[in-house]
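Same order as they appear, the protein sequences are chains P and F.
Under this note's numbering, the first residue of the first sequence is numbered 5, with each subsequent residue one higher.
Under this note's numbering, the first residue of the second sequence is numbered 5, with each subsequent residue one higher.
What the hints contain is simulated information worked out from the structure, not anything from laboratory work.
Certain hints may be false.
Have a look at the derived ranges for each label pair, beta carbon to beta carbon [said to hold, decoys possible]:
1) F:198 / P:186: 41 to 49 Å
2) P:258 / F:194: 38 to 46 Å
3) P:88 / F:194: 30 to 38 Å
Where a beta carbon is used, it is the ideal one built from N, C-alpha and C, also for glycine.
There are 2 protein chains.
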Amino acid sequence: MKAEIIAVGSELLLGQITNTNAAFISARLAEVGINVYYHTVVGDNPKRLEEAITIAQNRADVIIFSGGLGPTKDDLTKETIAKMLGEELESDHAALASIEAYFKRTGRTMTENNKKQALVLTGSKVLTNNYGMAPGMAIDKNGKCYILLPGPPHEMEPMFEKEAIPYLLGASGKREIIVSRVLKFYGIGEAELEYRVLSILEKQTNPTVAPLASPDSVILRLTAKAESVEAAQKLIAPVESEIRSLVGEFIYGIDEDTLSSKAAELLLGNKLTIAAAESLTAGLFMAELADEPGISSSLKGGVVVYDETAKMNQLDIPASLLDEFGVVSPECAAALAQNVKRKFGSDIGVGLTGAAGPDPHDGKPMGTVWIGIACREVVNTFKLSLSGSRNANRKRAARFALYYLIKEMKKRGTEN
Amino acid sequence: MKAEIIAVGSELLLGQITNTNAAFISARLAEVGINVYYHTVVGDNPKRLEEAITIAQNRADVIIFSGGLGPTKDDLTKETIAKMLGEELESDHAALASIEAYFKRTGRTMTENNKKQALVLTGSKVLTNNYGMAPGMAIDKNGKCYILLPGPPHEMEPMFEKEAIPYLLGASGKREIIVSRVLKFYGIGEAELEYRVLSILEKQTNPTVAPLASPDSVILRLTAKAESVEAAQKLIAPVESEIRSLVGEFIYGIDEDTLSSKAAELLLGNKLTIAAAESLTAGLFMAELADEPGISSSLKGGVVVYDETAKMNQLDIPASLLDEFGVVSPECAAALAQNVKRKFGSDIGVGLTGAAGPDPHDGKPMGTVWIGIACREVVNTFKLSLSGSRNANRKRAARFALYYLIKEMKKRGTEN
């Protein structure tokens with residue numbers, strides 16, 4: 005099955021927004037084994053859109069559209085497709101009711117053109133939009149499958165995931181349920197992860213197991229097809245166990261977890277307070293933790309000790325320690341963690357020190373970082389040797405500190 | 005002149021990377037008045053690339069390629085175009101010398117396929133790559149213009165800006181020089197900026213004046229065409245003066261300046277040291293300032309005082325002040341700024357306190373932020389009423405603090 009993605013919108017051709025939808029849709033299609041051969045972007049122009057569709061019909065089996073489903077006269081994706089397929093547009097009751105409810109709820113006045121958003125292609129399956137007004141559509145005609153999705157990513161992405169993917173996979177006739185589970189990794193590269201779970205990747209069928217790398221982390225997505233959610237979960241469970249037995253130490257969370265959300269969950273769940281002393285990261289660790297709402301009952305605060313005097317004056321790091329071991333040392337990281345913990349009266353203290361670059365610092369090469377984590381009476385230190393740019397190294401150091409913090413809290417959890 | 009942008013690379017079709025190149029190129033073409041009608045993405049497949057080029061030749065005058073100029077056998081953009089245009093590939097001396105120098109410098113061994121990167125289309129103008137090995141090319145043939153650019157954005161973007169744009173604008177025959185100057189704004193929205201400089205936008209011809217909004221700031225790009233750099237600069241100067249007289253108070257920098265680079269430049273240039281006390285931003289302000297290499301001689305450090313106890317214990321904020329005025333108040337922001345300045349012995353102290361959200365804090369609505377800046381004996385406070393999400397508000401608060409810091413330092417500079 006060959007797919008083409010057509011994004012519609014003049015703002016894309018003006019460079020005002022980037023076509024992230026095509027990347028999102030492509031990644032999900034790759035995971036379920038559908039090949040994407042072309043992306044096309046075309047403006048809000050019916051003639052050029054029609055030409056783009058004609059070209060796509062000659063080279064693809066599945067054409068996925070994003071954008072152009074809105075209420076204004078510029079929005080003409082479904083009108084153009086209706087004309088080309090010889091279908092009519094009819095008002096969808098559920099979609100219209102949802103639009104009317106939205107206007108009632110927000111106290112705004114609904115105008116005639118808002119009703120246009122409830123129009124769908126006759127004979128199409130309506131894809132529910134839980135985050136906006138314009139419904140999506142899926143229709144098979146003359147051997148081609150057309151999927152119409154709204155442009156805003158926060159509307160399009162869940163709709164594609166929950167409605168379009170099952171439609172595409174079910175197009176064969178069988179009505180199967182698709183269940184995905186995402187395992188999130190840190191501290192391991194994509195190549196090494198693939199190498200370690202190669203035996204699983206090679207024998208995968210149902211569930212499929214797809215690795216995906218972002219600049220900063222790696223995930224494995226397990227996708228199972230079955231008659232029911234329970235049956236799909238039963239297919240996933242043993243494969244997940246096998247993966248965990250091989251590389252479980254690098255898994256920090258699942259599905260929507262981020263490093264900071266997982267750290268916050270463990271801190272708040274265990275009623276642990278935390279403070280940090282940051283040198284090279286200069287606040288990045290605390291700022292990332294503070295991304296999580298509700299963290300104020302755990303995060304007491306901390307100190308940025310960017311220069312050596314600040315380390316001595318603000319956190320009582322002895323000059324003798326700095327003389328003997330240097331600023332970029334496990335001894336300094338441990339002392340930062342212990343002293344900030346004491347100073348803020350927290351359960352956990354985190355210390356970060358290192359040579360971000362571009363130059364070596366304290367005789368240590370760029371990219372050398374020491375992280376100290378003091379938890380109750382125990383303090384552990386961790387060394388990183390990073391190879392990125394100055395600011396990439398600083399971000400990664402903060403993320404690694406969150407990762408080690410999660411590991412330390414999990415270890416405590418199993419020990420108690 | 006109608007343009008189409010063709011990005012080549014299977015990683016785009018797999019959704020592993022997003023096609024930011026098309027957005028960048030489109031935005032720059034829009035600024036110089038060239039219309040983009042289509043974006044196409046095609047994989048590393050010679051037959052499908054050829055088909056995509058044939059389609060583009062039928063609907064565009066200028067075809068801009070990004071990607072597929074590398075050393076591996078997957079990289080086939082120039083080979084495919086050479087074949088279609090009936091041109092040969094020949095080794096470019098300058099490009100080859102630059103590749104050889106790179107390998108010599110890094111001590112790595114150059115293999116035969118690296119030489120492939122120096123091959124260019126006969127009859128093309130070579131576009132120099134200052135940030136990578138593969139040169140770009142520009143060639144006019146049969147009434148169409150072909151521009152070939154490398155895929156990595158940090159190589160492509162300066163090459164497009166400095167070499168492809170002048171080539172495209174000079175294609176008419178006249179060899180004009182293009183000079184751009186970017187004015188960078190903060191603290192003013194795109195709509196208001198446009199409104200205030202409307203008289204200039206409406207009469208613009210040479211230089212053109214193009215507003216461009218990112219999620220967090222607005223720029224005006226002035227682009228002049230002339231016989232020489234000096235002549236172009238003479239065209240820009242009076243328009244820039246006029247803009248500065250209307251909205252100069254919101255300009256924090258030019259061209260490559262960022263808020264943090266400008267703040268660092270003023271701090272280091274005036275030999276001023278700085279410390280910060282951050283509540284809602286929890287380290288974002290310091291972390292952003294520390295993005296700048298060399299900042300360690302100015303940034304002493306600071307304190308994250310996320311909870312009320314920390315504010316009292318770590319920075320001696322009197323309980324009576326918090327009782328009387330609240331945590332989210334100009335009094336608290338001023339006290340944070342003054343006390344962190346004293347504690348770290350710095351010339352400048354910055355204090356940030358506010359209600360990031362999602363809930364009101366201290367009786368103040370979400371989005372209320374107070375910034376205090378203590379500079380020598382003077383302390384000024386600034387109020388923000390932000391309307392974004394929790395984390396957007398935190399980021400904007402940190403950026404506004406940089407912006408007010410820049411303004412305070414500039415004011416001092418003119419007063420002294």
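Unsatisfied constraints (hint numbers, rising): none
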